[in-house]
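Please take these sequences and the hints and turn them into a complete structure.
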Amino acid sequence: MTDTTSPGSQPPALTEFEQRRPFSRPRTIMERAPAVPQAPAPKAGAKDVEGQYIPLSLRRMESVAKYKVVQFAHVIKDNGNGYDNLYLSLTLQNSAGNSANREYRIARDDVWTDLQALTHTIIDGLTFAKQTGSWIELSDFEARTYLSLVLPSAAGKKNMRVTAEKL
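For the sequence shown, the residue numbers in numbering that gives the first Met the number 0 are 0 to 166.
Think of the hints as simulated: they come from the structure by calculation, not from any bench. Don't take every hint at face value.
[Stated by the list, open to error] Calculated cross-link-like contacts (lysine to aspartate or glutamate; reagent style EDC-like; alpha-carbon spacing at most 20 Å):
1. 156 x 139
2. 65 x 113
3. 157 x 109
4. 65 x 136
5. 129 x 164
6. 67 x 123
7. 129 x 141
8. 129 x 109
9. 157 x 123
10. 67 x 102
11. 157 x 77
12. 67 x 109
13. 165 x 77
14. 76 x 164
15. 65 x 102
16. 67 x 139
17. 165 x 108
18. 65 x 123
19. 129 x 108
20. 156 x 123
21. 165 x 141
22. 156 x 136
23. 65 x 83
In structure tokens form, the structure reads like this:
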């Protein structure tokens, strides 16, 4: 059976039999695939810390916010399972001037294998932000237990994603 449609015209409608037996005749690609709405093109800033685009469904689940650091405290201690974790307590101020308290338990992972280096990097960024009044960005994704941070430094912004649990 040959397709008698001309370019730009619609293919012939399916008969009742063809609708029940979807592979009874060759169909065009548009007939085979259901209409799927196109996702919007990724916008600037819609990349994760490795430069990969984050799927739209995941971006909606994250809560991304900019804050100024009012004060912070940290301690490294055993998490109860024999592993040391960084416990971080933050007092922040959002752009509207409202205070926000955040607490996280941060663990080593495949990227950050040295907890001391991870602690040093985070504390340096928070100290710099507090001293200069710079903004930090926090984005926690509880379903995957990670925290994305954008921390300022004298050399520019430091993007990082760490394994963390919001307490």
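Against the structure, the hints:
This hinted pair checks out: residue 156 and residue 139 have alpha carbons roughly 18 Å apart, not beyond 20 Å. A threshold of 20 Å between alpha carbons decides the hint, and for residue 65 with residue 113 the separation of about 27 Å lies outside it, so the pair is violated. The suggested pairing of residue 157 with residue 109 holds, with an alpha-carbon distance near 18 Å, which does not exceed 20 Å. Between residue 65 and residue 136, the direct Cα distance comes to roughly 4 Å. Compliance with the 20 Å bound is thereby established for this hinted pair.
Note on residue 129 and residue 164: the hinted pairing is violated, with a Cα-Cα distance of about 23 Å set against a maximum of 20 Å. Distance hint between residue 67 and residue 123 is fulfilled; the C-alpha atoms sit about 15 Å from each other, no more than 20 Å. A threshold of 20 Å between alpha carbons decides the hint, and for residue 129 with residue 141 the separation of about 26 Å lies outside it, so the pair is violated. The suggested pairing of residue 129 with residue 109 is violated, with an alpha-carbon distance near 29 Å, which exceeds 20 Å.
A threshold of 20 Å between alpha carbons decides the hint, and for residue 157 with residue 123 the separation of about 11 Å falls inside it, so the pair holds. For the hint linking residue 67 to residue 102, the alpha-carbon distance of about 15 Å falls within 20 Å, and the restraint holds. Our distance criterion of 20 Å between C-alpha atoms is broken by residue 157 and residue 77, whose separation comes to about 27 Å. The straight-line distance between the Cα atoms of residue 67 and residue 109 is roughly 29 Å, outside the 20 Å bound, and the hint therefore fails.
A C-alpha spacing of about 17 Å is found between residue 165 and residue 77, which places the hinted pair at or below 20 Å, so the restraint holds. A threshold of 20 Å between alpha carbons decides the hint, and for residue 76 with residue 164 the separation of about 15 Å falls inside it, so the pair holds. Distance check on the hinted pair: residue 65 and residue 102 sit about 16 Å apart at the alpha-carbon level, within 20 Å; holds. Among the hinted pairs, residue 67 with residue 139 is consistent with the structure: their alpha-carbon atoms are about 17 Å apart, no more than 20 Å.
As the CA atoms of residue 165 and residue 108 are separated by approximately 16 Å, the hinted pair is consistent with the 20 Å bound. Distance check on the hinted pair: residue 65 and residue 123 sit about 18 Å apart at the alpha-carbon level, within 20 Å; holds. A threshold of 20 Å between alpha carbons decides the hint, and for residue 129 with residue 108 the separation of about 27 Å lies outside it, so the pair is violated. With a C-alpha separation of about 12 Å, the suggested pairing of residue 156 with residue 123 holds against the 20 Å cut-off.
Among the hinted pairs, residue 165 with residue 141 is consistent with the structure: their alpha-carbon atoms are about 7 Å apart, no more than 20 Å. A threshold of 20 Å between alpha carbons decides the hint, and for residue 156 with residue 136 the separation of about 10 Å falls inside it, so the pair holds. Pair hint residue 65 plus residue 83 does not hold up; C-alpha atoms about 28 Å apart against a cutoff of 20 Å.
Hint compliance for this structure: hints 2, 5, 7, 8, 11, 12, 19 and 23 are broken, all remaining hints hold.
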